[in-house]
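Protein chains in written order, with our numbering: chain A, 602 to 1058; chain B, 602 to 1058.
Worth double-checking, as some hints may not be accurate.
Note: identical chains are not told apart, hence a pair may lie in one copy or across any two.
With a Cα cut of at most 25 angstroms, we get these calculated DSS-like pairs of lysine-lysine [said to hold, decoys possible]: (1) K917 to K929; (2) K943 to K1023; (3) K1027 to K627; (4) K964 to K835; (5) K901 to K653; (6) K917 to K1006.
None of these hints come from the bench; they were simulated from the model.
Number of protein chains: 2
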Amino acid sequence: MRNILLIGAGRSATSLIKYLLDHSSKEDLKITIGDLSKESADKFTKGHPRAKGIQFDVFNQALRSRAIQEADIVISMLPASLHIEVAKDCLLYHKNLVTASYVSNEMQALDQEVKSKGLIFMNEIGVDPGIDHMSAMQVIDRIRDVGGKMLMFESFTGGLVAPESDNNLWHYKFTWNPRNVVLAGQGGAAEFIQEGTYKYIPYHRLFRRTEFLDIKGYGRFEAYANRNSLKYRKIYGLEDILTLYRGTMRRVGFSKAWNMFVQLGMTDDTYAIPNSEEMTYREFINLFLPYSPTDSVELKIRYALKIDQDDLMWDKLLELDIFNTEKKIDIVDATPAQALQKILMEKWTLQDNEKDMIVMYHKFGYHLNGANHQIDSNMVIIGEDQTYTAMAATVGLPVAIATLKILNGEITSTGVQIPIAKEVYKPILQELASYGIVFQEQEVEYLGYNPKGGVVS
Amino acid sequence: MRNILLIGAGRSATSLIKYLLDHSSKEDLKITIGDLSKESADKFTKGHPRAKGIQFDVFNQALRSRAIQEADIVISMLPASLHIEVAKDCLLYHKNLVTASYVSNEMQALDQEVKSKGLIFMNEIGVDPGIDHMSAMQVIDRIRDVGGKMLMFESFTGGLVAPESDNNLWHYKFTWNPRNVVLAGQGGAAEFIQEGTYKYIPYHRLFRRTEFLDIKGYGRFEAYANRNSLKYRKIYGLEDILTLYRGTMRRVGFSKAWNMFVQLGMTDDTYAIPNSEEMTYREFINLFLPYSPTDSVELKIRYALKIDQDDLMWDKLLELDIFNTEKKIDIVDATPAQALQKILMEKWTLQDNEKDMIVMYHKFGYHLNGANHQIDSNMVIIGEDQTYTAMAATVGLPVAIATLKILNGEITSTGVQIPIAKEVYKPILQELASYGIVFQEQEVEYLGYNPKGGVVS
């Protein structure tokens, strides 16, 4: 029996564990699930004969090293900042490692040692990052293999509510960490390149410079720019590309409405509000509006944001019940972002019978045989239910498949890596397709952002 | 002879040095001016028999401790972050110290030791901070002395161009560190209280929530909120005050126009622009506007900022020549803020024959004998020329006067302090008046922000 140690069994681990258990007999696997409490680990094993739950505390060195020594391969689904201790033990005990997280500098620093020991530390193999890398590199390599030259690469992902459960005015519900949604885009200007020119968008304008994306059968989406679109420029080998842009997808209208909170300063996470615990929603909103002895919070917010009487923006605010005079923030020393999250979670939490959706959209512009071409490629995955969500499937299945392929020696390149090599992404994408995780491709006219080749400035 | 060591002789030191030299015979003073180069120190001594220039490098411990040992009192006009080394030597060699800078945590930490040695480390005794503290505390103490209770304190300061030299559309020129002007308001939301309610303004709205202030003979000004209005709440003894607000004064229209740069992201100081050195002003502006093969930078900026054809905002942009296709940023790895500063300095630098102006405005609301009252108090100082500027006078004279009064034993309270004690501010304000640094006071109707005592929310 080969022992797979999975550390950190959260909501996103359902599909991952199901895959491993489903393959456990045929592949002769034993699945050890480690969590802070053995009890919560046991919930995932469900008494399966080839699975067992153990207590695992990443800061307990004895526990940690024993569990890792007993494993044949390790999957860490811990928060990104906690991988490094696991990685060091994997190095010590010669175990391969799989994570769905971004490669930290600390993790990258292990690369030489990992290679010298012939090990594989595969990272960024969830959905975003993960499926985005693999699906993009597959098309980029195909274009290059026939002699094409990349002109443009744009890539968008969104975690959204499925159309059948989309019943609020924002067309949005939390399907992942709500905190990340509230803080999205903060920390610096978004940077990207268009037609060879650098472009920057400050946070407070990010949600007003969106672009539209249409997906057949699913209608129109919008996307706002991610902070650093250029992160993978070199890694993907796109140093000379004219246009490089990465963004986050939402349903049309979300960004314009979200911008209301940004404008008022309600997404700020840098200071604590005095007496936030006892503060009503209405009092919280009023912190960001000028004092007036006569004007209501409603009028002040309409005036501050220039919201007309019949503007849908207004209904979106009302739907969130932000003017409520009874409901309290109920968080000690809350930052504005934390207080806003509290308000939003009341309305944007998926109900038991509701489903999530993952959408991804790539645009590949290239030059081949004297002409410009473009391939658009997109993926839509709808969750089955609140256990087997689209998020859990798209994060967990690539992790699970990669783990098994490493264990079986089908993936062999060593080092700290992300899934951009053909040897890695090809078999994984192939197997993902059998789970319905597929991209629809279509050739479209390449326009770029300068279709007539004009020069203006 | 008593030896005064003045460290860091910049442009702001002219009036300070003049005062000390003018008093040097009568007070039997010797003035030692230390600067990184002896040559630039000598420029300030102008061969005066009681003055001498020396080389002083704050990081050269031998130089530093020798100079400080030989002094009877030390004035540090170094950048705020460099005071601490000087302060430690002053402690070591039992010398009093005067600075015009904010008290750093490191400086504050010396308080007990300074007191135990019977020393005076007087800080924040320039104009802002400095004259603002003294002039405010004088009125606040007066109100309290007759049994009044403070309801409101608002305080505003501005370094501006004098009316006779005010010849651009922005009604603004740099009279102090331009970098601080470009970065003003950054680093977090502005926080203040109005009628007992906390209020927050995020940076990207700071310049759209101004208030007007009128000064007789000088017309109308506007003010935007400083970042932390509550910093002196406890120090001034205003823990229970209903309204506490500090702001920066500009001529009306400046903030609305400045907001254009804020909105576009051109004041960001957190990232470097690739190839900034070779970039034209026009290319720089275009970084912050969407790509277009057909629309000009002019049209894009008009659209992005919703500037009508006949809007004065447009003329303000043209006046700065920001669309120039020839002029280059000419700074390697410039941040947007640095590039913007370069563009502005071309237009906003005071010419040799031009004068600066310092304005300060306080509002004191209080309750006394069953009624509410308000005193408004303001000060306007116009510079003599480009050497004896209003800034140099209002920063340097309080420093000089305090230094002499400490030297002469007229100020005696020990410790790390700021000039808020009556014993300190009273004689200093008295002497400042003889230099024309006086406040005009008037009683006005107290309205506060809730004149009818209504309760709305």
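Verification of the hints:
Proximity of K917 and K929 under a CA criterion of 25 angstroms is satisfied intra-copy only: 20 angstroms inside one chain copy versus 46 angstroms between copies. In this assembly of identical chains, K943 and K1023 lie within 25 angstroms of each other by CA distance neither inside one copy nor across copies; the values are 43 angstroms within and 48 angstroms between. Proximity of K1027 to K627 under the C-alpha cut-off of 25 angstroms is restricted to the intra-copy arrangement: shortest distance 22 angstroms within a copy versus 90 angstroms between copies. In the homo-oligomer, the alpha carbons of K964 and K835 lie at most 25 angstroms apart inside one protomer (18 angstroms), although the nearest pairing across protomers, at 58 angstroms, exceeds that limit.
Taking the closest pair of Cα atoms, K901 and K653 never come within 25 angstroms of each other, the shortest separation being 58 angstroms inside a single copy and 61 angstroms across copies. In this homomeric assembly, K917 and K1006 never come within 25 angstroms of each other (Cα to Cα): the closest approach is 47 angstroms inside a single copy and 63 angstroms across copies.
Of the numbered hints listed earlier, those contradicted by the structure are 2, 5 and 6.
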